[in-house]
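Enquirer: Here are the chains, one letter per residue:
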Amino acid sequence: MASTGAADRAYRALLGTLALAVPLVAALIVFEMSRGAAPTLRAEGWHFIFATDWDPVAEKFGALPYLYGTVVTSGLALLFAVPLGLGAAIEPWLIAHLGFLPLFQGFPFGLGVLNAGLVLAIMILPTIVSLSREILRVTPGGLREAALALGATRAEAITVMLGAARPGIVGAVILALGRALGETMAVTMVIGNTNRISASLLAPGATMASVIANEFTEATGKLHLAALIEIALLLFAMTLVVNGVARLLVYWSFGARRDVAGAV
Amino acid sequence: MSPAPSDALTLGSPALALRPLPAGRPAFVRRFSNLLLIVASGASALIVMTPLVLIIGELLVRGLPGMSLGFFVHMPAPVGEPGGGMANAIVGTGILVGLGLVLALPIGVGTGVYLAEHGNGPLGSTVRYLADVLSGVPSIVIGVATYGLVVVTLGHFSALAGGVALGLLMIPTLARSTEEVVRLVPASYRQAALALGAPKWKVTQAVVLPAARAGIVTATLLALARAAGETAPLLFTALGNRFWSTAIERPIGSLPVMIYDYARAPYADWNRQAWAGALVLLILVTVVSALLRLTARRIR
Chain A
1 MASTGAADRA YRALLGTLAL AVPLVAALIV FEMSRGAAPT LRAEGWHFIF
51 ATDWDPVAEK FGALPYLYGT VVTSGLALLF AVPLGLGAAI EPWLIAHLGF
101 LPLFQGFPFG LGVLNAGLVL AIMILPTIVS LSREILRVTP GGLREAALAL
151 GATRAEAITV MLGAARPGIV GAVILALGRA LGETMAVTMV IGNTNRISAS
201 LLAPGATMAS VIANEFTEAT GKLHLAALIE IALLLFAMTL VVNGVARLLV
251 YWSFGARRDV AGAV
Chain B
1 MSPAPSDALT LGSPALALRP LPAGRPAFVR RFSNLLLIVA SGASALIVMT
51 PLVLIIGELL VRGLPGMSLG FFVHMPAPVG EPGGGMANAI VGTGILVGLG
101 LVLALPIGVG TGVYLAEHGN GPLGSTVRYL ADVLSGVPSI VIGVATYGLV
151 VVTLGHFSAL AGGVALGLLM IPTLARSTEE VVRLVPASYR QAALALGAPK
201 WKVTQAVVLP AARAGIVTAT LLALARAAGE TAPLLFTALG NRFWSTAIER
251 PIGSLPVMIY DYARAPYADW NRQAWAGALV LLILVTVVSA LLRLTARRIR
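From first to last, the protein sequence lines are chains A and B.
Using my numbering, the letters of the first sequence correspond one by one to residues 1 to 264.
Using my numbering, the letters of the second sequence correspond one by one to residues 1 to 300.
Derived from the structure by calculation, the hints contain no laboratory data.
Check before you lean on any hint, since a few could be wrong.
Said to hold, decoys possible - Partial chain B-side listing against chain A, Cβ under 8 angstroms, derived:
1. N34
2. V48
3. P106
4. T111
5. V127
6. D132
7. V137
8. A193
Stated by the list, open to error - Distance condition first, Cα-Cα at most 20 angstroms in a straight line; then the derived SDA-like pairs of lysine to any residue:
9. B:K202 x A:L14
10. A:K60 x A:G45
11. B:K202 x A:A13
12. A:K222 x B:V152
13. B:K200 x B:P210
14. B:K200 x A:A7
15. B:K202 x A:Y11
16. A:K222 x B:V150
17. B:K202 x A:R12
18. B:K200 x A:G5
19. B:K200 x A:T4
Keep in mind that this is a model prediction, so the values were computed, not measured.
Note that CB positions come from ideal geometry on N, CA and C, so glycine has one too.
Isolated chain B, as found in the complex (with noise of 0.2 angstroms):
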């Protein structure tokens, strides 16, 4: 009998043998946890996915019917008395986000261009840095700091203070989604205008601008849609208006701020009109969103 071909190789030269893996799981588990994850990611991904069909489902069924044509153009009814519309709110929005964009436009772009074009040094990288942070603090401290600033200065609120609010708001996204779109500019546009004789800053005026272009528009309509539906920095800023104004020394509705007390309201009418008002606003910025995705492909 002569032994098993794998007892001589073992016996002829140990340093040779086969021995298993030293970390060896079976490979029924390997294969059995593979499962697991592969299972496990899939179903996290659905249920990631859930809450937000349930919410355009539940806004869709709860806020159609409260949406007519009245709703966009009729002030709100006294209370009470069903019907009316959040006109005045619609308008306020406008104003209050067009107020927070003379604010944050220059400075947020600006400071974009100077970020991409400029932004190697300490300063650029103070300045990015405490954007990125500045981004991440919550809406409703920005709104206290506002009242501290605008409303106690100029002694009542208002619309203007509700837009410094929204503009203060938009400055470090602005900023940082600028200096993103001026760096997707190919470096060879700098180089042929510069070998061109161009200086520096007309390289930038006339070259990198006009080439991002689109993508400035884009960064600011992702911004005004978040700043359109924000609610906690105009509650005590701009404070809400129940009745048409468009002075921006006095207090103005906005669409948000209705939402929040239409719909804490004790009136069936007022909570099918706040639905109508979150479908509104779910409509708005997912224009926006779309409008952003089909421009940002073209960009690159």
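Pulled out of the complex, with its shape left as it was, chain A reads as follows (with noise of 0.2 angstroms):
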């Protein structure tokens, strides 16, 4: 018996070194950009999220086109996918299965922010539809069924659903909030890529993740790099912290243990 408690032990401490990858994948990643990003973090400091000028020649380096880039094309997703996302998670018959297209072949339009968003939508509504989908699958039926007998019609019936739902579905939408951030190559083939601010929303402009992906093999200098591999790590922690508040909505409404990275 006490030989099977050291095999029992020694099974489970092989199983839980593996899963310790996880952590130690997390780290390495936030070390390892730490590291690349060490040149601007001292040169730049805090001009580095407040500067406009990106001029690699003259090696200066302020990153808040792309912030605002980011910020902007994901927003105008968020606009765009939420009404239609909820709307049609509340549709009973609509299979949400979309969610297996790489999508990465960008649009026919002209370039620009907008389209951008526009691109954006499309590609974060499966996150959205099947998600909210979901959670409105586990909120408990009773809720409606009440409603339903208390003379409600079917609307204020999917509404009293749709309220006890109300941080699972915050949680999927802030999920979506983080794959638009994230997402690269669509927005690279059609934002038009320059370092402007520009009122319009029709005019061109770059994100963190398209000028990253526009400029990282032709980086010409250590410090360019250094730059680059910096607005990589703020991307991390945007997103980082953009899912981890997520996570826990979803968990709360959802259970930790139900199929939400499947569903994602």
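Starting from the two chains in their separate frames, assemble the complex, guided by the hints.
Expert: See the structure below:
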């Protein structure tokens, strides 16, 4: 019996070691990018986030246009996708199985921020629809029945369900936001890639992810590379916070064990 | 003249007075907003489906002309020369995904089994939460980190670096979906094996894992299909290569990166091949998804 206990412990320790790889990967990513970004962190400091000049030749790096582009395109995507996604999620016959599209072929519109937002909206719709639908599915159906029994219309009963599922749905939307923030290829192909902040949504722009994709392999100096890595680090931090909050909200109304990872 | 019955009721016992419900919206308003919501949700569903149909249609129309046997077996033609195919990129994607799998399969599946069988403690919940959060990290960030970890360390771009990037990308989703399918194995299987005197490790190894095998294969296929379509993490790890290469220490071509390059190129023939490549990827991913749904139904 004692040997059985030892074998059990050894087996469990083996699996536990493999599981430790997940935190290890997270730590490695943070460590590696902090190291890579160190030169600009030292040279630019806070200036990096607030300045708009991005000049690899003069080695001046301000990432504000990219931060702006990321926030605006993702915001637009949510604006388009949330009402549509929720509307579709409460539609009972919709089969929310759209999540398999790679969708990086871009669209034959003109180039610009608005189009990037539209493409992003299309890309995050499956996330919003399938997650919201899953969350509504595990929301107790008794709520709907009780509302109907009290004489509520179908729409009012759905509103009751939506109210109960709110944390999970907010989580699903934030999760979708996380995807929009980091989406690279489709945005790179349609946004036009200029580092200007324009008031017009039809003007070309750039996002954090798109500037990395465009300039990384052609980075001219050590500082230029470090600046791009720092953008990646910022993007990582943004998505970490956004996903961290979203997952907690989804767990709250979903239970951690459910197949949230598979649904996304 | 006798008073109307309602008057009598009101006058006789004020407590029983029939008053309208306090928050009363008129019935026609409620009926109308009901109709409105139902119509709006149906319209949303249609609008959500539209891009999907448009994309598949556009891909078929533009991609099919470029799809020929030559596309699959020929090498890219020199710049300016028409014809040629993406044979090297198709093989390259296979190699990159295979390398990623070598890294992700043991770690992802091992983590998933740990989470399902022993994952109720603090380590389990931490790993589960981190895996979920990591699966949302942009793939280009994984690419930048892999650049630092592998490309800078080795001193050059390589298929190996691309494989590591895809592997890192696959680990969190593979771990979580393995956990899900292992949890689907009925508790009675474990109880029966334990009752027969089998130690816990043997129960996991000889009973739970074989029962979950189909599901784990499915989860792996899904992770593979996703990794096969990734462009961003390969841009500055595997880099791309227009020539035939199977060496893991050299840059290697891949279907997504080649599609990206060809789609942005100013040659009509390249653009045509990019559409064909995109269609090939779509078919690949759709076939895997279809397999997934079929097997998933069988497990349940």
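Enquirer: Run every hint past the structure and note whether it holds.
Expert: So, going through the hints one by one against the coordinates:
no.: 1; hint: N34; in the structure: holds (4 angstroms)
no.: 2; hint: V48; in the structure: holds (4 angstroms)
no.: 3; hint: P106; in the structure: holds (7 angstroms)
no.: 4; hint: T111; in the structure: holds (4 angstroms)
no.: 5; hint: V127; in the structure: holds (5 angstroms)
no.: 6; hint: D132; in the structure: holds (5 angstroms)
no.: 7; hint: V137; in the structure: holds (6 angstroms)
no.: 8; hint: A193; in the structure: violated (13 angstroms)
no.: 9; hint: B:K202 x A:L14; in the structure: holds (14 angstroms)
no.: 10; hint: A:K60 x A:G45; in the structure: holds (12 angstroms)
no.: 11; hint: B:K202 x A:A13; in the structure: holds (14 angstroms)
no.: 12; hint: A:K222 x B:V152; in the structure: holds (12 angstroms)
no.: 13; hint: B:K200 x B:P210; in the structure: holds (15 angstroms)
no.: 14; hint: B:K200 x A:A7; in the structure: holds (9 angstroms)
no.: 15; hint: B:K202 x A:Y11; in the structure: holds (9 angstroms)
no.: 16; hint: A:K222 x B:V150; in the structure: holds (17 angstroms)
no.: 17; hint: B:K202 x A:R12; in the structure: holds (11 angstroms)
no.: 18; hint: B:K200 x A:G5; in the structure: holds (9 angstroms)
no.: 19; hint: B:K200 x A:T4; in the structure: holds (9 angstroms)
Against the hints set out earlier in the document, a violation occurs for number 8 only.
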